[in-house]
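Visitor: Sequence:
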Amino acid sequence: MQQQLAHHTVNGCNVRPGDLLGSGTISGSEEKSRGSMLELAWKGTTPIQLGEGVAPRSFLNDNDVLNLKGYAQGNGFRIGFGDCLGKILPAKPAF
Numbered sequence: 098m099q100q101q102l103a104h105h106t107v108n109g110c111n112v113r114p115g116d117l118l119g120s121g122t123i124s125g126s127e128e129k130s131r132g133s134m135l136e137l138a139w140k141g142t143t144p145i146q147l148g149e150g151v152a153p154r155s156f157l158n159d160n161d162v163l164n165l166k167g168y169a170q171g172n173g174f175r176i177g178f179g180d181c182l183g184k185i186l187p188a189k190p191a192f
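Heads up: the sequence shown begins at 98 in the numbering used here, then just goes up one per residue.
Each hint should be verified, as a subset may be incorrect.
[Claimed, not checked] As a list, the in silico DSBU-like pairs of lysine-lysine whose alpha-carbon atoms are at most 35 Å apart:
1. Lys189 with Lys166
2. Lys166 with Lys140
3. Lys140 with Lys189
4. Lys129 with Lys166
5. Lys129 with Lys140
6. Lys140 with Lys184
7. Lys129 with Lys184
8. Lys166 with Lys184
[Claimed, not checked] Derived DEER-like restraints, expressed as beta-carbon distance ranges:
9. Gly173 with Val112: 27 to 37 Å
10. Gly132 with Ala188: 18 to 28 Å
11. Ser120 with Ile145: 16 to 26 Å
12. Lys140 with Leu165: 18 to 28 Å
13. Gln146 with Asn108: 28 to 38 Å
14. Asn160 with Gly119: 18 to 28 Å
15. Gly171 with Gly119: 20 to 30 Å
16. His104 with Glu149: 35 to 45 Å
17. Ser120 with Asn164: 16 to 26 Å
18. Gly171 with Ala103: 32 to 42 Å
Everything labelled a hint here was simulated from the structure, so no lab data went into it.
For every residue, glycine included, the Cβ atom is placed at its ideal position computed from N, Cα and C.
Construct the entire structure; sequences and hints are all you get.
Guide: If you want it as structure tokens, here you go:
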């Protein structure tokens, strides 16, 4: 995680309280155990249905809004975090 944080910040990108950094996915060998969108869409070759009224896609597009949710569950308990919303903004020109 230290290296990931260093790579994230070395070019001046701020890290603030509440920022969420991911280290990868927890996936298995079966299709139903794929984790990331890249895995679910099998490297872009198999588009997936993201929601009602949305055409199947393999990648996220500019202006897409994401809602990440997660939790851990055990015998008699469930703990997680609330909605984590973000919008994919178009890249800005470097000049």
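Visitor: Look at each hint and say if it fits the structure.
Guide: Structure-based check of all given hints:
Between Lys189 and Lys166, the direct Cα distance comes to roughly 28 Å. Compliance with the 35 Å bound is thereby established for this hinted pair. Using a Cα cut-off of 35 Å, the hinted pair Lys166 and Lys140 holds, with the two alpha carbons roughly 23 Å apart. Using a Cα cut-off of 35 Å, the hinted pair Lys140 and Lys189 holds, with the two alpha carbons roughly 26 Å apart. Of the supplied pair hints, the one linking Lys129 and Lys166 holds, its CA atoms being roughly 18 Å apart against a limit of 35 Å.
Of the supplied pair hints, the one linking Lys129 and Lys140 holds, its CA atoms being roughly 15 Å apart against a limit of 35 Å. Restraint check for Lys140 and Lys184: satisfied, since their Cα atoms lie roughly 22 Å apart, inside the 35 Å limit. The straight-line distance between the Cα atoms of Lys129 and Lys184 is roughly 27 Å, inside the 35 Å bound, and the hint therefore holds. This hinted pair checks out: Lys166 and Lys184 have alpha carbons roughly 15 Å apart, not beyond 35 Å.
With their beta carbons about 35 Å apart, Gly173 and Val112 fall inside the hinted range of 27 to 37 Å. Look at Gly132 against Ala188: about 26 Å separates their beta carbons, and that is inside 18 to 28 Å. Separated by about 22 Å at the C-beta atoms, Ser120 and Ile145 satisfy the suggested range of 16 to 26 Å. Under the hint 18 to 28 Å, the C-beta atoms of Lys140 and Leu165, about 21 Å apart, fit the expected range.
For the hinted restraint 28 to 38 Å between Gln146 and Asn108, the CB-CB distance of approximately 36 Å keeps it satisfied. A hinted range of 18 to 28 Å for the beta carbons of Asn160 and Gly119 is consistent with their spacing of about 21 Å. Taken as a hint, the range 20 to 30 Å holds for the pair Gly171 and Gly119, whose Cβ atoms sit roughly 22 Å apart. For the hinted restraint 35 to 45 Å between His104 and Glu149, the CB-CB distance of approximately 37 Å keeps it satisfied.
Restraint check, Ser120 to Asn164: a C-beta distance of roughly 20 Å satisfies the suggested window 16 to 26 Å. Between Gly171 and Ala103 the beta carbons are some 34 Å apart, a value that agrees with the proposed interval 32 to 42 Å.
In summary, the structure agrees with every hint in the numbered list given earlier.
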